[in-house]
Structures are given as structure tokens and as C-alpha cells.
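Enquirer: Starting from the known structure of chain E, fit chain B onto it as the hints suggest.
Protein chains: 2
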Amino acid sequence: MIDALLLGTGGMSPLPDRWLSALLVRCRGELILFDCGEGTQIVWRCFGWGFRRLGAICISHTHADHIAGLPGLLHSIANAGRTEPVALYGPPGTAAVVAGLRTIAPWLPYVLTVREVTSGETFPLPGGLTGRVEEGRHALPVLAYRLDLPRARPFSPERARAIGVPLDRWRRLQQGEPVRWIGGMAAPDDVLGPPRRGLSLGYVTDTRPVPAFPAFFHGVDLLVSEGSYGNPDDGEKAVINTHMTFREAATLAREADARRLWLTHFSPGMADPEAFAAEATTIFPATTVGFSGLQTTLNFDDEPDIEPS
Amino acid sequence: MIDALLLGTGGMSPLPDRWLSALLVRCRGELILFDCGEGTQIVWRCFGWGFRRLGAICISHTHADHIAGLPGLLHSIANAGRTEPVALYGPPGTAAVVAGLRTIAPWLPYVLTVREVTSGETFPLPGGLTGRVEEGRHALPVLAYRLDLPRARPFSPERARAIGVPLDRWRRLQQGEPVRWIGGMAAPDDVLGPPRRGLSLGYVTDTRPVPAFPAFFHGVDLLVSEGSYGNPDDGEKAVINTHMTFREAATLAREADARRLWLTHFSPGMADPEAFAAEATTIFPATTVGFSGLQTTLNFDDEPDIEPS
Numbered sequence: 254m255i256d257a258l259l260l261g262t263g264g265m266s267p268l269p270d271r272w273l274s275a276l277l278v279r280c281r282g283e284l285i286l287f288d289c290g291e292g293t294q295i296v297w298r299c300f301g302w303g304f305r306r307l308g309a310i311c312i313s314h315t316h317a318d319h320i321a322g323l324p325g326l327l328h329s330i331a332n333a334g335r336t337e338p339v340a341l342y343g344p345p346g347t348a349a350v351v352a353g354l355r356t357i358a359p360w361l362p363y364v365l366t367v368r369e370v371t372s373g374e375t376f377p378l379p380g381g382l383t384g385r386v387e388e389g390r391h392a393l394p395v396l397a398y399r400l401d402l403p404r405a406r407p408f409s410p411e412r413a414r415a416i417g418v419p420l421d422r423w424r425r426l427q428q429g430e431p432v433r434w435i436g437g438m439a440a441p442d443d444v445l446g447p448p449r450r451g452l453s454l455g456y457v458t459d460t461r462p463v464p465a466f467p468a469f470f471h472g473v474d475l476l477v478s479e480g481s482y483g484n485p486d487d488g489e490k491a492v493i494n495t496h497m498t499f500r501e502a503a504t505l506a507r508e509a510d511a512r513r514l515w516l517t518h519f520s521p522g523m524a525d526p527e528a529f530a531a532e533a534t535t536i537f538p539a540t541t542v543g544f545s546g547l548q549t550t551l552n553f554d555d556e557p558d559i560e561p562s
Numbered sequence: 254m255i256d257a258l259l260l261g262t263g264g265m266s267p268l269p270d271r272w273l274s275a276l277l278v279r280c281r282g283e284l285i286l287f288d289c290g291e292g293t294q295i296v297w298r299c300f301g302w303g304f305r306r307l308g309a310i311c312i313s314h315t316h317a318d319h320i321a322g323l324p325g326l327l328h329s330i331a332n333a334g335r336t337e338p339v340a341l342y343g344p345p346g347t348a349a350v351v352a353g354l355r356t357i358a359p360w361l362p363y364v365l366t367v368r369e370v371t372s373g374e375t376f377p378l379p380g381g382l383t384g385r386v387e388e389g390r391h392a393l394p395v396l397a398y399r400l401d402l403p404r405a406r407p408f409s410p411e412r413a414r415a416i417g418v419p420l421d422r423w424r425r426l427q428q429g430e431p432v433r434w435i436g437g438m439a440a441p442d443d444v445l446g447p448p449r450r451g452l453s454l455g456y457v458t459d460t461r462p463v464p465a466f467p468a469f470f471h472g473v474d475l476l477v478s479e480g481s482y483g484n485p486d487d488g489e490k491a492v493i494n495t496h497m498t499f500r501e502a503a504t505l506a507r508e509a510d511a512r513r514l515w516l517t518h519f520s521p522g523m524a525d526p527e528a529f530a531a532e533a534t535t536i537f538p539a540t541t542v543g544f545s546g547l548q549t550t551l552n553f554d555d556e557p558d559i560e561p562s
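Protein sequence lines correspond, in order, to chains E and B. Numbered according to our numbering, the first sequence spans residues 254 to 562. Numbered according to our numbering, the second sequence spans residues 254 to 562.
Quick caveat, the hints were computed from the structure, so don't treat them as lab data. Just so it is clear, CB atoms sit at the ideal spot from N, CA and C, and this is done for glycine as well. Heads up, some of the hints might be wrong.
Claimed, not checked - To give an idea of the chain B side of the interface with chain E (calculated C-beta under 7 Å), a few residues:
| id | residue |
| --- | --- |
| 1 | 267 |
| 2 | 291 |
| 3 | 292 |
| 4 | 295 |
| 5 | 298 |
| 6 | 299 |
| 7 | 317 |
| 8 | 321 |
| 9 | 324 |
| 10 | 325 |
| 11 | 328 |
| 12 | 350 |
| 13 | 353 |
| 14 | 356 |
Unchecked claim - Pairwise CB distance ranges (calculated):
| id | chain 1 | residue 1 | chain 2 | residue 2 | range |
| --- | --- | --- | --- | --- | --- |
| 15 | B | 393 | E | 366 | 23 to 33 Å |
| 16 | E | 546 | B | 485 | 34 to 44 Å |
| 17 | B | 485 | E | 383 | 48 to 58 Å |
Chain E on its own, in the form it takes in the complex:
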């Protein structure tokens, strides 16, 4: 399962009543953060997820409202006792920005690696997740992220027993390896059912919708998307400032065949984003207008764990 926690929902400036947009993801006890504006570490402390297990930071782009909180967070991870490496991902140009910000976080008790990634790259993330990115279109390079948690094929103990596989060979079969024993052999296909759907999550902000997105986010369990403007009259602003309206985010969720959509990154000029909920739900009903503290757990579909015989 994957836990997701929306820390904030603001764009441009952190406000007393709206933390900047950031998303925290937890899988197998390991944490991944998406974006880190000023104040992210403050609101983080409200939810008890701790800093020590943060293994990766995925930065959409290097505008201040998405990265200014990094040095403070790096200190808080250190104060929490982390010594294992932390990996930071971002678009081209990220390394220079991180180096600049680290003038106030020069010594850390863990290694911070910075990897600049571009469309099509995949990389391993903490908790057994796989990350992928797709470039968006904004005032400077921006990345949309997709996380995938694969699910193993179902294992049939009945078939394994029928073939006579010794118990100590079951794990290797489950892991997809053929096994032999005195008097017999078995291949994974003999005991494993069909591939199963895993879990996936998409995060996209500070970009216009680009043609690659629906395929990139295809079938995600949860799409966390910016919706800078709820009011449909702000469509031109969205184009000029290279952001998205609620309608555009909902259209992306529908075209991607996502299961759920969370809206975030609201313009400071939009005092009550919830008032524009219908702009999204009429296009994509499973939309939630985000708020700080919005949480969910993505579970594998409720399939039987043992293939029906």
C-alpha cells in the first residue's frame, strides 16, 4: 500500500492560512517528498510522519515556492538522526540551485545526491517504488512524476502442493525463478497466476497540460495535479502563467483514466478553491479539492491472494 499526505495547497507565496503545495508519500515505512517550499517542514511536523525516513525528494522545478524550504528540511532530517543517503531528483538546473541553497546547509550527517532527470528516465525510489518523469511546459524546466509499486503475480499453494514442490523452494518460485529438487522441477508459470495491477500515483504541477501527460499518467490510482485557477474565466491566466485550471486538471484525470484526482497549488487570488469544485467534478467526479492534511491509503485491488483453482 501507499500512503499519501497533502501537506499544503498554495502556489506562489506561503500564506498564514495556506501552506505551499507539497506532497508526502509513504511506502513500506519509507518517505518521499514532492516539492519543498518555504514552510513545508513546519506543516510536516503537524502530522507525526517524522523526518528520519525521508529517502527521496522529488522537485518539480526550481521556482522558490517549490524549493525554498529545502535547506531547513535538510537540517531537520539531520536533527532527526538520519545517516542514510537522501536522493534528490529534479529537472536540469536543479544541482546548481541545490548547491546555492546548501550554503546554509553545508555539513550534513548523510549524503545528499542530486540527480537531474528528463523525460523517459526511470529510477528506483525508497519503499520499492519506481519513479518516472515527463517534462511539462512552464517558465523553466519542470517535471511531472509518476510512482509505480509493482505487485507480484498470485501464488497458488494448491498447485505447488499438487506438483510436489518442497516448501523451501516456494519463495524462489514466487520470485519468478524456476526450481529443481530430487525427483522434480517447476517453472514460475506452473504456480503463478496472471500479472496483477500494482499501485501508482502521479504528481504534476506548474505546467500546462501537455500531450504526453494522459499516457504518462495512464491508470494511476491517484493523480495529484495543480489546479491554479478554479474560475473558468481565468483560462487565459492559466495559459499566460503556464498553469492549469480545475477543468484542465479534471480533463487530464479523465483522459489518463485515473481513479482519483486531488487538486492543489491554488493561486493566492483564489480565496475559496472549494467553491469551484463543480468545475472539476462535472468532468471528473472522483475529484477532491485539496487541503493541508488530506490523506489517503492506496491499497491493491481486493483480488483473492490465491488464484482460484
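Expert: This is chain B only, laid out in the frame that chain E set:
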């Protein structure tokens, strides 16, 4: 008069219920900020003082909890429409740190000048204030600041009339210039009373008390001083971490003959600083344990504006 507003009182890490230590000063409508940790611009928005009139930023030292909020603030000043220069003061090393942080605030509609200062230097600040600094003792270079607002000598209209000074010469006499007119002349001393006490404010944080401080802060109307530790049992921690206890801050206020003391920069381990108020007030009664939003106005002493004849 000088207005002072304590924005936050925390040391080390910004917490959901305690903003990082920072002080805002207003004189003749112009603003000066002391320290700018992560979140300073957020709490600032709660008090309606606006960003546009910020003319100077005085940084005590370049630890993250005193400067990490700078890039976000620089953007907010820009968004507020400022185009006049902003001057930033700090100890040696500040310019390199500011340059690093400006990787995420590279283009601003105003000029930001950085001036590294050391003990004994004075410099003009917005609102007619004069700034001075004294070096403290911490893990890296740190400055204590003093602001002075001079007060003009009292002008006696009675004397001016008796001497026959034409009205259009009064202002120059008030400004300390001798004047002549057809049939007469007057020197400032003919019409001005004795020098009068001005207003002054001290700001000191992240340092041990050093011998120069009592003289440096002598007679200030308000001393805003760190008191990282209220519990007198933490005296050793204060020495090791080069901070001050409430007692040490109160002793400094007493030795400096300050009029009032505000305590700030509380250790995150001190949940209720107010509980230790007596540690300071027994030494220096006019102590206030600081909180976000603590405000005061420093007024000139209530002397008659016209010298008694």
C-alpha cells in the same frame, strides 16, 4: 517614535506553534527587519505591516534559522511593488550566503545591496535611524545591532522672537546652522536648549554575553535579546551552544541600564518559556517573555517641546 514587532521567538527549527525569531522595526513608515528564518514572511502577513516599505534587513549571522527565509521574502517584497533599493547587513561571510540563496531569487525589480560590517561600524538605516554593530561569540561570526534615533535640541520660539530672528530663518537654526538677516545674526546655541535623549533599540541573539555588550547597549529603550534557556539548570548548555540563559539576558539588560527587555529565540526544548519568567524578572523587572505579535511603540520622553524660559 519607533514601533517594534516581534514576529517569532523560536530558535533552531520553525515549529507549528512557534515561528522563528525575527524582529520588525518601523520608523517614519520605513521598515527594518532583524533576521529572516524560514516562515518569517508568513507570520509577517498576519500583522498588516506590508512588505513594500522594507528598506533594510539586518542579519545576525548566517545560520539557517536566521536567514533561510530570505529568498521568499525577497520575492514577496518584489510582489508588493518595491523598486527602491534594499540594504542587507550581516557579518563577514554574509555576501556569499546571500549569493547562494539568490539562485532562487535571481531577478528582482529592486537592487539588493549586501554590506558586511564589523564592530564599531555605523551605517544609516531607513527612517532616519543609525545602525551600529558589535561582534558576539557564537559558532560563526555574529553581530549584535543597535539602532539610534537622534532627537533634535529643543527650540525656543520665545528666544527667537526676543532676538528678532525672522520666521523664515527658524528652520535653519533648528537644524543647527547659524543665520544672518539684515540687522542681526543668531547662532543655534542662542535658541536651542540642551541635547535631548533620543530613542534606541538593541537586538542580540545567538551569542554568549560578551564584555562589550553592556556599553554597546547602554541606555537602550528596548533590548531584544535571546534567552535560549529559561531553566537555570541549562547554564552549561548555554555555554556549550554559545547562547544565553534568561538570567544572562536579564543581567545584560541590567548592566546596560536598558529600559525594557524582550526575551526571544527560545530553544525548541523549552515548551513554556513564560514558566521561567521569574528567572529574568528577579534580575531585571521590566522583562517581557516574548511571543509572536508582541508590539510596542517607543516614544521620546515626555519633555516639554519648548525649553522653559
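Enquirer: Is the shortest C-beta separation between residue 350 of chain B and chain E less than 7 Å?
Expert: Nearest chain E Cβ about 5 Å off; hint holds.
Enquirer: Restraint: residue 317 of chain B near chain E, CB-CB cut 7 Å. Satisfied or not?
Expert: The hint holds - residue 317 of chain B has a Cβ within 7 Å of chain E, the shortest such distance being about 4 Å.
Enquirer: Regarding the hint that residue 321 of chain B lies at the interface with chain E, is the smallest CB-CB distance below 7 Å?
Expert: Because about 5 Å separates residue 321 of chain B from the closest Cβ in chain E, which is inside the 7 Å limit, the hint holds.
Enquirer: State, for the Cβ atoms of residue 393 of chain B and residue 366 of chain E, whether the hinted interval 23 to 33 Å holds or is violated.
Expert: holds, 26 Å
Enquirer: Just to be careful: measuring from the Cβ of residue 356 of chain B to every Cβ in chain E, is the smallest value less than 7 Å?
Expert: This interface hint holds because 3 Å falls under the 7 Å limit.
Enquirer: Quick check: does the Cβ-Cβ distance between residue 546 of chain E and residue 485 of chain B fall within 34 to 44 Å?
Expert: For residue 546 of chain E and residue 485 of chain B the Cβ distance comes to about 39 Å; the hint holds.
Enquirer: With chain E as the partner, please determine if residue 291 of chain B meets the hint condition of a C-beta pair closer than 7 Å.
Expert: holds, 4 Å
Enquirer: Residue 267 of chain B was flagged as interface toward chain E. Is the shortest Cβ-Cβ separation under 7 Å?
Expert: holds, 5 Å
Enquirer: Is the interface hint for residue 325 of chain B satisfied, with its Cβ closer than 7 Å to some Cβ of chain E?
Expert: Nearest chain E Cβ about 4 Å off; hint holds.
Enquirer: When you take the CB atoms of residue 485 of chain B and residue 383 of chain E, is the distance between them in 48 to 58 Å?
Expert: This hint holds: roughly 55 Å between Cβ atoms.
Enquirer: Double-check residue 298 of chain B for me: the hint is only fine if its C-beta lies closer than 7 Å to a C-beta in chain E.
Expert: holds, 5 Å
Enquirer: If you take the shortest Cβ to Cβ gap from residue 353 of chain B to chain E, is it below 7 Å?
Expert: Where the cut-off is 7 Å and the nearest Cβ of chain E is about 3 Å from residue 353 of chain B, the hint holds.
Against the hints set out earlier in the document, no violation occurs for any number.
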